[in-house]
Amino acid sequence: MSSSSRAKAEKGSTTWESQQQPADPSSYSRAILLARYSVNTLAWLIVVVFASFLAVQCDRYLALRQLEAPASHAHSAYDISSNKDELEIALERVSDTYRVDDIITELEALGDTLDGLTPAPIRLDGTDVYPTDSICLREGFGDADVGDWVTSPPATYEFNDGERYRFRATGHLAFARDVRIYMVDTGYDPDVRADLHVVSGAVPYATVDVAAFSNEQNAGAGTLDAFEACTHRLDSAPESLTGDSRWLSGSEYDPLKIDLFRLQHRKQAPSDAAGDNSSPDVRFNVTLTVPEESEELYSLRIGYYNITLHNGVILDELDVQTSGSVHAESGFKTIRLGVRTVGAQGSVTGHYDVMNGDVAIHTDGAPVDARIDAVRTTTKNRKTPTQNINVVATDAKLTVELLLEDQADDCDPAFAPAPNCAWVRPFAFDVRTTSSNHPQRLTILDGSSYSAGTRILARATNAPAKLKLDSSFEGTYALKTGKHALGAGISGEPGVDDPNGWDRQRVFVHGLGNRHVFSGAVGWGSKDAAMHGPSYAEVEIDEGMFTADVDIRPSAKSRYS
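Letter 115 of the sequence shown, counting from 1, is numbered 115 in our numbering, and no numbers are missing.
No lab work stands behind these hints: they were computed from the structure. Please note that a few of the clues may not be correct.
[Said to hold, decoys possible] Across the chosen pairs, the derived CB separations fall in these ranges:
1) Ser152 <-> Asp364: 37 to 45 Å
2) His310 <-> Gly525: 39 to 47 Å
3) His310 <-> Leu486: 38 to 46 Å
4) His532 <-> Arg193: 36 to 44 Å
5) Asp542 <-> Asp364: 40 to 48 Å
A virtual CB, placed ideally from N, CA and C, is assigned to each residue, including glycine.
Required output: the full structure, derived from the provided sequences and hints.
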């Protein structure tokens, strides 16, 4: 990737300039690392030398004390515990004389400074890849000669959460033209207040627009001096990684086709941090625009933002790790989806279309309230794997609606399937939901189709759980509860006409039923259809005085439709 390919796209005016970088930025970052490791080695060597010197001085001091002590007390001269006070005094004297504590403090500060000046790495295939070749929005907030930051007249800028700001500055950056994976993060800095909007647009390659909001009027001093907003390239060549390099859930990657946008607090040297080290109150609104028409799909990895995924965006893969919220508008699509949030603000909401790939959503302390439309299609070798959907809400409420559509007809006679195809083919979908301390509700929406069958496992800890099945479900169900649970139950009546218009009725086959287990089967038309149905659903309550329920009546209309 040449440096010229990283020129910024569509500059609005001559004031938008690139930040000049050293001729060899990758060598520059490695030089910083080498200097840091050299200083750390020197620091440890000095500490070892001083420790040896202290040991010699203490030994000499104890020997002198032994010579000065009366003969009757000679036997206790080498008892260090009996001379604890004298030993501490000796150590303090030596330390004060040679300024040992001050030297150690200075070495630690120097090491911290070098660590701070070294950019936070990206972890790829077990290798730390350091960002280089930076193009940054220049520092300042409102200065006429700032360059990339363009200020707006003072006004009232209000966010949806009610926060208001008076001053606004905007900037524009672009990713390289041949990049296929975009990373948007804040480095090691989780304290940046930023919202990210992912949109599609008529652009030849992805661009980033940054808006900074502040109530501080010290524009001349440069409110944005405390922050860096930059795009970077990754400096590792493919041969420096293992031969089977993979990203996220299996896609191959080339580090030289990965670009990073990073928004973070600026690293300060000790001389710069001598004064007031408090960070200004600035809120950022970042818009990532990906091409709406492209021969290849893009992958996106995001960290530490409040994220909104807009209608019309189509990705190959989305991987999110954040302490903020994640929301998808209806019309957002991706082939693979991975979301991991931490904290009470990390809710996952909205409507996600996932095409033929796995889904993994995990929140810790925040609720999940989402609809997922999962589509499974036939692969080239016609050995279509099971599509996995795994949703976890730790210490939070879980509400999920699923529309499952299996377009991979594994037993189509046109492809000469095995005689026992219906039994040996994999499940079309494997759905697992887990929650704790708050109610769980999982709904399979009517309109779902999965002739190959679906396995559904819903588990709740110390909370009730309810599974609502659609009219396509044929197979076995089981409800399990712990020792102190209030029981389990099923809602549904036999004899109900098929809502699809077929001339058949709902049939139930009841199995074991007691306080802790309630099982059976359901199908259309006959008990045989119920008992030999390809699907399996299980609801489990493992703690608490709660109930486990399965509702097998036609599902209600989705809240997201």
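Going through the hints against the structure:
1. Between serine 152 and aspartate 364, the C-beta spacing of about 38 Å keeps the proposed range 37 to 45 Å intact.
2. Evaluation of the 39 to 47 Å hint for histidine 310 and glycine 525 yields a pass: the beta carbon distance comes to about 45 Å.
3. For histidine 310 and leucine 486, the hinted distance range of 38 to 46 Å is satisfied, since their beta carbons lie about 44 Å from each other.
4. For the pair histidine 532 and arginine 193, the beta carbons lie near 57 Å from each other, so the given range of 36 to 44 Å is not met.
5. Under the hint 40 to 48 Å, the C-beta atoms of aspartate 542 and aspartate 364, about 19 Å apart, miss the expected range.
When each numbered hint is compared with the structure, violations occur for hints 4 and 5.
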